[in-house]
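**Student:** Sequence:
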Amino acid sequence: MAATASLLVLFGGLGALWRLRTYYPVAALVLLGSAIHFYAFRAVLIYLDLVPPFPAQYAPTADDAAYAAGNVVIGGFFIVLAVTSGALAPGSATTVPSADESLAELSGLRQAASWALALAAVSAAWLLVRYGGIGGAIGAARRARTIGVENALRLPAIVATSLYAYLALLGRHWPLRLARYLGAGALASVSVFLWGTRGVVGMFAVLTLSLFVATWFGAGHRTRDTGKRALTIAVAVLLLTMGLYGLRLARYAVVDASATDSISSENVVSNLSLAANQQWYDATLLAVRDSGEVYPSDGLGSLVDKWTQSIAGPLSGDDAANVNLRFKLQYVTRASNGWPLGGPGEWFLYLGWSGVFVGGMLSGVALFLLDRASASAIAGRGLAAGVTGALVVMAMRTGLEEQSIARLIRWGVPLLVVAGVASRRRSAARSQPTGAQQHVPVIAPASRSGAPLERTN
Numbered sequence: 000m001a002a003t004a005s006l007l008v009l010f011g012g013l014g015a016l017w018r019l020r021t022y023y024p025v026a027a028l029v030l031l032g033s034a035i036h037f038y039a040f041r042a043v044l045i046y047l048d049l050v051p052p053f054p055a056q057y058a059p060t061a062d063d064a065a066y067a068a069g070n071v072v073i074g075g076f077f078i079v080l081a082v083t084s085g086a087l088a089p090g091s092a093t094t095v096p097s098a099d100e101s102l103a104e105l106s107g108l109r110q111a112a113s114w115a116l117a118l119a120a121v122s123a124a125w126l127l128v129r130y131g132g133i134g135g136a137i138g139a140a141r142r143a144r145t146i147g148v149e150n151a152l153r154l155p156a157i158v159a160t161s162l163y164a165y166l167a168l169l170g171r172h173w174p175l176r177l178a179r180y181l182g183a184g185a186l187a188s189v190s191v192f193l194w195g196t197r198g199v200v201g202m203f204a205v206l207t208l209s210l211f212v213a214t215w216f217g218a219g220h221r222t223r224d225t226g227k228r229a230l231t232i233a234v235a236v237l238l239l240t241m242g243l244y245g246l247r248l249a250r251y252a253v254v255d256a257s258a259t260d261s262i263s264s265e266n267v268v269s270n271l272s273l274a275a276n277q278q279w280y281d282a283t284l285l286a287v288r289d290s291g292e293v294y295p296s297d298g299l300g301s302l303v304d305k306w307t308q309s310i311a312g313p314l315s316g317d318d319a320a321n322v323n324l325r326f327k328l329q330y331v332t333r334a335s336n337g338w339p340l341g342g343p344g345e346w347f348l349y350l351g352w353s354g355v356f357v358g359g360m361l362s363g364v365a366l367f368l369l370d371r372a373s374a375s376a377i378a379g380r381g382l383a384a385g386v387t388g389a390l391v392v393m394a395m396r397t398g399l400e401e402q403s404i405a406r407l408i409r410w411g412v413p414l415l416v417v418a419g420v421a422s423r424r425r426s427a428a429r430s431q432p433t434g435a436q437q438h439v440p441v442i443a444p445a446s447r448s449g450a451p452l453e454r455t456n
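Using numbering that gives the first Met the number 0, the first residue of the sequence shown is number 0, and each one after it goes up by one.
Hint data in this document are derived by calculation from the structure and do not stem from the laboratory. Even for Gly, the Cβ is constructed at its ideal location relative to N, Cα and C. You may find that some hints are simply not true.
Each pair of labels, with its calculated beta carbon distance range [as the list claims (entries may be wrong)]:
#1 Leu175 / Ala86: 33 to 41 Å
#2 Phe356 / Ile408: 25 to 33 Å
#3 Thr3 / Trp352: 18 to 26 Å
#4 Thr21 / Val364: 13 to 21 Å
#5 Gln110 / Asp63: 47 to 55 Å
#6 Trp114 / Ala1: 46 to 54 Å
#7 Ala1 / Arg176: 26 to 34 Å
#8 Asn336 / Gly131: 29 to 37 Å
#9 Ser113 / Pro54: 41 to 49 Å
#10 Ser353 / Ala64: 17 to 25 Å
#11 Asp63 / Thr21: 35 to 43 Å
#12 Val303 / Trp173: 46 to 54 Å
#13 Gly131 / Ala86: 34 to 42 Å
#14 Ser353 / Ala178: 40 to 48 Å
All chains, full assembly: derive it from the sequences and hints.
**Tutor:** The structure is reproduced here in structure tokens:
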């Protein structure tokens with residue numbers, strides 16, 4: 000009973016994130032996709048006893064009290080985040096595109112996404128040439144933790160992924176545009192795969208599937224043939240998970256072929272779940288159960304100290320072990336990679352139950368500040384919304400984390416500067432008088448069928 004009730008709290012957190020799309024259209028989708036991808040899907044699999052916990056010798060099962068507590072921690076964290084950022088947003092969040100946003104700005108957004116995708120392709124080619132193939136590139140990227148040119152090269156792929164996700168949202172009523180934007184976004188997210196992570200690929204896939212489902216069941220579609228639509232969605236989910244599983248096998252095949260033996264010994268559902276990089280949920284359950292015992296903390300003082308180290312370390316070239324690795328070392332004596340916790344697990348690890356509220360509130364404030372920073376630096380609300388989403392992907396896809404500030408310094412500040420300069424130069428060029436006033440088509444409010452109507456001034 001407790002496990003079932005706790006799942007309702009977790010899904011309540013998802014609902015709260017979904018409501019945020021009114022104020023933060025791209026960032027809310029990123030947070031929602033992350034919450035589903037890293038937490039909710041795995042929680043349901045464990046609840047239904049379809050997969051064992053990971054690692055089985057440590058993690059709690061669905062019958063353990065830590066399972067229910069962990070769901071409450073995760074759901075409560077996202078609820079507090081959504082309530083805080085939503086309370087700050089009315090009348091202040093300025094990256095929400097208006098119903099009358101001009102096609103000229105959308106054209107600029109498409110051009111920016113195209114340039115970002117082109118730069119992502121160039122950086123991917125550079126990685127492949129320098130490190131002698133996919134295996135060498137992935138291995139080198141996973142070892143690169145300090146600030147440098149190579150870390151900066153991942154920016155175009157992340158920005159392109161975010162912008163094309165946003166364009167897909169705007170163009171969801173036009174099948175050809177939707178297919179074009181989703182295809183380009185998939186190419187950009189696969190470029191991120193060369194950096195050794197499946198996380199961005201998974202998030203974009205979840206967002207794509209969510210967008211597909213929302214459009215399929217939109218107000219403009221008839222409600223009959225429900226069974227056929229459900230089958231189509233089931234096939235899409237299967238293709239998504241098989242694709243992620245294939246990415247996992249591909250990464251191990253080119254980096255560490257011996258790891259494929261352990262993969263083949265796992266059951267199919269467990270393989271698919273681990274392929275989607277969903278151990279974040281299991282690590283959070285461990286943190287909830289063992290915080291203060293296996294992993295003692297000095298509370299707020301320890302939190303501030305570790306955050307300071309996370310900022311100063313990479314900037315000075317001394318990359319100290321992050322919280323994920325420090326946490327894993329409490330269970331495994333020798334480890335080079337940690338167990339990712341995400342925002343909810345990290346805050347609980349440091350502050351206990353109060354971390355749910357403190358971490359959620361600070362994450363909500365951080366989301367609002369990112370939105371304001373994008374709006375202040377960038378001319379054009381559509382591009383600003385896309386950049387906010389990219390910043391969330393890079394720094395706080397599950398809320399404010401120990402490494403968030405360091406990541407913003409590495410990638411967020413350069414992104415804001417470059418996007419701001421480029422957008423303002425383009426805006427200034429468009430504002431120059433060109434003679435007779437021209438008719439500029441704009442997007443009018445949506446019709447009752449859900450598709451926007453086009454009109455001219």
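**Student:** Please flag the earlier hints that this structure goes against, numbers listed from lowest up.
**Tutor:** 7, 8, 13
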